[in-house]
Amino acid sequence: MASSTNVHLSPAELSYLHTSLSLNPPIRPDGRSPTQYRPLSAETGILPGTNGSARICFADGTEAIVGVKAEVEKTRRRWDDDTIFGENQNQEEGEEQDEGEEQGSSDWVELTVEIPGYRDDDSGTVFLGQMLCEALLADGGFVRRLRINRRFHWKLYLDILLISPPLSYPLPLLSLTTHLALLATRLPKLKSEGDEDPFFDDDWAAAPYLYARNPTTKRVTERPPVTLLVMAVGGNVIFDPSKEELAVADVVLAVSVGDDASSREGGMDVDGRSNNSGRNLKLLSIRTVDPPSRLTPPGVANAANSAYGHAQVVSTGANQKMPEARQTESEAVEGVWKPPRGGAKAVVMGALVQKVLVRGGVADEVLDALEGVDTS
Amino acid sequence: MADRRRINGPPGATMAPVFEDDAGQPEIKNGKGRDRAPNIIRKTFLKTGVTPSASGSAYLEFEGSSKSGVSGLKLSCTVHGPRSLPRSSPFSPHIVLSAHVKYAPFATKQRRGYLRDPSERDLGTHLETALRGAIIADRWPKSGVDIIISIIEGDQDRETSKSQGDETWDMMNVLSGCITVASAALADAGIDCVDTVAGGVAALVQDAGEDSTPRIVVDPIPSDHEKVLGACCVAYLPTRDEVTNLWFKGDLPAADAGLYTQLVENGIQASRTANRVLVECLGEATS
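Read top to bottom, the protein sequences are chains S and C. For the first sequence, counting from 1, position 231 maps to 231 in UniProt numbering; every step adds exactly one. For the second sequence, counting from 1, position 206 maps to 206 in UniProt numbering; every step adds exactly one.
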């Protein structure tokens with residue numbers, strides 16, 4: 001599993017990390033502020049053979065490429081769809097059908113994740129793929145874009161490749177790259193009308209973007225979702241944690257947020273700049289990521305360690321039979337690492353989510369930063 | 001002019017007949033609805049020790065809906081271990097937990113293959129996260145435990161032939177059942193846990209009808225409602241008041257944080273109810 005790749009840190013190092021991350025303000029190993037992302041470089045449209053592509057390289061050396069390919073596919077008909085060959089439909093039924101078919105279906109999108117060194121059916125890889133797919137399909141708005149007419153739709157293949165070895169949990173990287181690739185995706189311009197077999201304009205320059213641009217400002221009006229990785233440690237909330245930080249996390253959440261453009265239309269200024277402050281975020285999905293801290297080795301306190309002059313206490317009954325049990329049941333000692341046990345309070349999880357969604361918070365910042373990337 | 005040289009089939013396609021149930025009252029079918037209070041989960045049957053060859057096992061069944069054609073969820077879980085890790089595997093200071101969730105090929109409307117598909121692997125990962133928080137892992141260094149859940153019957157409405165995308169919401173119910181049954185089987189196997197973890201689902205649903213407002217219900221059956229707007233599955237440890245796994249899916253405006261909190265609280269409430277069933281079942285097994 002990608003999140004729990006063994007970090008080779010000793011209990012003493014883990015304890016040091018945990019303490020410094022629990023300080024107020026926390027001190028992160030790479031000197032970032034708690035809400036700061038790793039610096040990254042991004043480019044789009046790097047693969048000429050795809051409908052849209054993007055590449056992001058994080059400063060720590062992890063790099064991902066996403067390619068989007070589209071195919072025309074026949075829409076599977078449902079049993080109650082009695083408008084086969086477009087005949088025998090009375091007017092009101094026809095309208096109802098239209099409304100129903102606007103829905104689209106989740107199997108119009110196929111997303112695969114490839115992480116070097118892991119099998120593609122590895123549970124961690126599958127988990128990542130499902131998480132990214134879930135956010136994309138959550139509101140049903142995305143698949144609606146793929147509809148061509150009542151008989152055909154686009155089938156979109158999103159192939160996510162991590163090029164570098166997974167030096168940290170790659171979720172934020174993959175999510176941001178997918179976001180940019182989708183923004184850069186263009187589908188050929190449709191020339192046919194109605195329910196005819198689709199026929200496309202072969203001028204690639206005329207191809208419209210999957211996410212439409214505002215014709216005057218050239219800005220994207222709606223945006224795909226992003227998934228943020230956020231963790232809590234000792235009362236602090238830390239965004240975009242690195243591998244070492246994840247190793248001492250109390251709880252790790254992956255939160256997907258989308259940009260609710262429909263409610264923003266009204267508040268748009270004449271110059272189209274108002275959306276930086278007035279972005280309406282929506283919560284699409286939350287998943288708990290199994291924190292690798294649960295798999296770290298525990299430290300042994302000096303008081304319990306016979307190598308440090310501690311005489312073996314002659315204890316009674318069960319304790320004597322199970323030395324390990326005695327050791328692990330000892331209460332927490334300052335400076336001795338103990339892997340977290342149990343879960344997290346619902347309030348803590350709520351606070352994490354709140355911190356992501358708050359207006360002008362990290363999700364806003366990330367979306368703003370992504371707006372700066374040239375996707376044309 | 002029609003082609004007369006060949007024997008042609010009837011013009012237009014034919015469809016296999018679909019019979020309406022309760023032929024007399026089609027409006028009841030449309031006004032399908034939930035017959036439980038919003039905060040009541042379905043009746044649950046849970047029994048431990050059903051598989052003698054495994055070190056721990058449990059069987060769980062949810063009551064089906066009052067509507068005909070909707071069968072309840074049926075899960076069977078076996079726990080193998082704790083047993084020593086194979087010699088080739090590296091040292092682990094903790095118990096190595098692996099969870100497999102598999103639908104029986106006949107469990108759902110659409111046949112499932114024998115290989116686990118991504119959604120099943122995904123369920124397995126969620127289950128692992130939920131259980132890892134509950135197990136006291138450092139009491140068994142160098143050992144492993146396998147948790148295998150087979151879904152004998154998924155709760156799906158077999159009467160609705162159109163795919164409404166209910167499968168995605170069904171996964172939540174299945175996961176909550178998996179968590180509860182795995183917890184019972186772990187207790188049956190005698191593996192130390194900080195508490196019995198149980199799963200609960202809460203959903204924000206929209207009922208059929210013009211003037212219905214979205215409301216929150218626990219343990220939803222997606223086919224009972226017009227639309228599910230969002231759902232969350234919570235794995236909860238009642239005595240520690242902690243959540244080990246939270247899975248939320250849906251489309252909620254961020255401005256309305258209260259809605260999210262309410263959903264999670266209702267999920268916790270559902271899981272508390274499931275936990276009562278679990279504790280009672282374990283009590284019966286030991287007495």
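Worth double-checking, as some hints may not be accurate.
[What the hints assert, rightly or not] Chain C stretches covered by chain S per the calculated footprint, using a threshold of three residues with CB under 8 Å from any CB of chain S:
hint : segment
1    : 126-133
2    : 245-252
3    : 260-271
Simulated from the structure, these hints should not be mistaken for lab results. The beta carbon of each residue, even a glycine, is placed where N, CA and C say it ideally should be.
Hints, verified against the model:
Counting residues of the segment 126-133 of chain C whose beta-carbon sits less than 8 Å from any beta-carbon of chain S gives 5, enough to reach three: the coverage restraint holds. A count of 8 residues in the segment 245-252 of chain C with a Cβ less than 8 Å from any Cβ of chain S is obtained; the coverage claim is therefore met, three being the minimum. For a cut-off of 8 Å, the count of residues in the segment 260-271 of chain C with a CB near a CB of chain S stands at 5, and the three-residue condition holds.
Of the numbered hints listed earlier, not one is contradicted by the structure.
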